[in-house]
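Visitor: Protein chains in written order, with our numbering: chain A, 1 to 117; chain B, 118 to 228.
The hints are simulated quantities; they were obtained by calculation from the structure and are not laboratory data. We treat Cβ as the ideally placed atom computed from N, Cα and C, and that holds for glycine. Treat each hint with caution, since some may be false.
Here chain B is said to cover these stretches of chain A; the calculated rule only asks that three of the stretch's residues, wherever they fall, bring their Cβ under 8 angstroms from a Cβ of chain B [to be verified]:
| # | segment |
| --- | --- |
| 1 | 32 to 43 |
| 2 | 72 to 84 |
Within a straight-line C-alpha distance of at most 27 angstroms, the following computed BS3-like cross-link-like pairs (lysine-lysine) qualify [unchecked claim]:
| # | chain 1 | residue 1 | chain 2 | residue 2 |
| --- | --- | --- | --- | --- |
| 3 | B | 185 | A | 41 |
| 4 | A | 40 | B | 215 |
| 5 | A | 22 | B | 185 |
| 6 | A | 41 | B | 188 |
| 7 | A | 22 | A | 41 |
| 8 | A | 52 | A | 40 |
| 9 | A | 40 | A | 22 |
| 10 | A | 52 | B | 188 |
| 11 | A | 52 | A | 36 |
Per label pair, the in silico range of CB-to-CB distance [unchecked claim]:
| # | chain 1 | residue 1 | chain 2 | residue 2 | range |
| --- | --- | --- | --- | --- | --- |
| 12 | B | 185 | A | 5 | 19 to 27 angstroms |
| 13 | B | 173 | A | 117 | 29 to 37 angstroms |
| 14 | B | 127 | A | 67 | 22 to 30 angstroms |
| 15 | A | 69 | B | 173 | 40 to 48 angstroms |
| 16 | B | 143 | A | 8 | 20 to 28 angstroms |
| 17 | B | 225 | A | 96 | 31 to 39 angstroms |
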Amino acid sequence: ETGVTQTPRHLVMGMTNKKSLKCEQHLGHNAMYWYKQSAKKPLELMFVYNFKEQTENNSVPSRFSPECPNSSHLFLHLHTLQPEDSALYLCASSPTAELGGATDTQYFGPGTRLTVL
Amino acid sequence: GENVGLHLPTLSVQEGDNSIINCAYSNSASDYFIWYKQESGKGPQFIIDIRSNMDKRQGQRVTVLLNKTVKHLSLQIAATQPGDSAVYFCAENFGNEKLTFGTGTRLTIIP
Numbered sequence: 001e002t003g004v005t006q007t008p009r010h011l012v013m014g015m016t017n018k019k020s021l022k023c024e025q026h027l028g029h030n031a032m033y034w035y036k037q038s039a040k041k042p043l044e045l046m047f048v049y050n051f052k053e054q055t056e057n058n059s060v061p062s063r064f065s066p067e068c069p070n071s072s073h074l075f076l077h078l079h080t081l082q083p084e085d086s087a088l089y090l091c092a093s094s095p096t097a098e099l100g101g102a103t104d105t106q107y108f109g110p111g112t113r114l115t116v117l
Numbered sequence: 118g119e120n121v122g123l124h125l126p127t128l129s130v131q132e133g134d135n136s137i138i139n140c141a142y143s144n145s146a147s148d149y150f151i152w153y154k155q156e157s158g159k160g161p162q163f164i165i166d167i168r169s170n171m172d173k174r175q176g177q178r179v180t181v182l183l184n185k186t187v188k189h190l191s192l193q194i195a196a197t198q199p200g201d202s203a204v205y206f207c208a209e210n211f212g213n214e215k216l217t218f219g220t221g222t223r224l225t226i227i228p
């Protein structure tokens, strides 16, 4: 296993629900990421956190709200989602994410399979 | 603009044979490349990486080749096994904290 865990592994929610995805990394890394993986599409970067500070928001709709209370934990709060938001949501972490420098290898969790009805 | 893509979406290989998965990129400023393997129901798993100052890097049963002249990256898997069946992604980085991923190639090992 990669040392990055995600819960829940599967989630079904209605468009009016509010839910949260959780990610935890046990690797001592400083950077954490949220990605969206849809069928037949490349991985889409959503958010980047470096030392608990958000350094990237890749034009993600406000119905997705990230939270990073510390370098080991990352949340993605979901509200009023649309059916097209159904996808695999992947969390990743890396040792460093120095602005202007090359990215160190990112290690992924198993993902949360989200279905929006 | 950035474009990381794979030549073939699917690849079937006989067990025991060698596999070659290809990847093209368009950003000549990219300085770091990674290959990931994603099995069904799992997240992408790091396989091997290579910096732009290298042409070749070897791991356990895997070799990555980088041809900067034609902006081409390949992953060679020696003596493929059933457990190698997965989707393989290449990703590139060009000096910031963002990786750009290709759509992936599905490798199927035929017993």
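Visitor: Given a hinted range of 31 to 39 angstroms, is it respected by the beta-carbon distance of residue 225 of chain B and residue 96 of chain A?
Guide: Between residue 225 of chain B and residue 96 of chain A, where Cβ atoms are some 36 angstroms apart, the hint holds.
Visitor: Against the 27 angstroms threshold, does the CA-CA distance of residue 52 of chain A and residue 36 of chain A hold or violate the hint?
Guide: With Cα atoms ~20 angstroms apart, residue 52 of chain A and residue 36 of chain A stay inside 27 angstroms; holds.
Visitor: Given the hint that residue 52 of chain A pairs with residue 40 of chain A, test it: the Cα-Cα distance must not exceed 27 angstroms.
Guide: violated (31 angstroms)
Visitor: Look at the Cβ atoms of residue 143 of chain B and residue 8 of chain A and judge whether their distance stays inside 20 to 28 angstroms.
Guide: violated (38 angstroms)
Visitor: Taking beta carbons only, do three or more residues of the segment 32 to 43 of chain A come closer than 8 angstroms to chain B?
Guide: Satisfied; 4 residues make the cut.
Visitor: Is 19 to 27 angstroms respected by the C-beta to C-beta distance linking residue 185 of chain B and residue 5 of chain A?
Guide: Once the Cβ atoms are compared, 37 angstroms apart, the range 19 to 27 angstroms for residue 5 of chain A and residue 185 of chain B is violated.
Visitor: Check whether the Cα positions of residue 22 of chain A and residue 41 of chain A lie no farther apart than 27 angstroms.
Guide: holds (23 angstroms)
Visitor: Does residue 22 of chain A sit within 27 angstroms of residue 40 of chain A, going by the straight-line distance between their CA atoms?
Guide: holds (25 angstroms)
Visitor: Residue 22 of chain A and residue 185 of chain B were given as a pair; does the straight-line alpha-carbon distance stay at or below 27 angstroms?
Guide: Given pair residue 22 of chain A, residue 185 of chain B is violated - Cα atoms ~39 angstroms apart, limit 27 angstroms.
Visitor: Please check whether residue 173 of chain B and residue 117 of chain A have a Cβ separation lying inside 29 to 37 angstroms.
Guide: Once the Cβ atoms are compared, 49 angstroms apart, the range 29 to 37 angstroms for residue 117 of chain A and residue 173 of chain B is violated.
Visitor: Quickly compare the C-alpha distance for residue 185 of chain B and residue 41 of chain A to 27 angstroms and report which way the hint goes.
Guide: holds (25 angstroms)
Visitor: Return holds or violated for the Cβ distance of residue 127 of chain B and residue 67 of chain A against the range 22 to 30 angstroms.
Guide: violated (39 angstroms)
This entry does not satisfy hints 2, 5, 8, 10, 12, 13, 14 and 16, going by the numbered hints stated previously.
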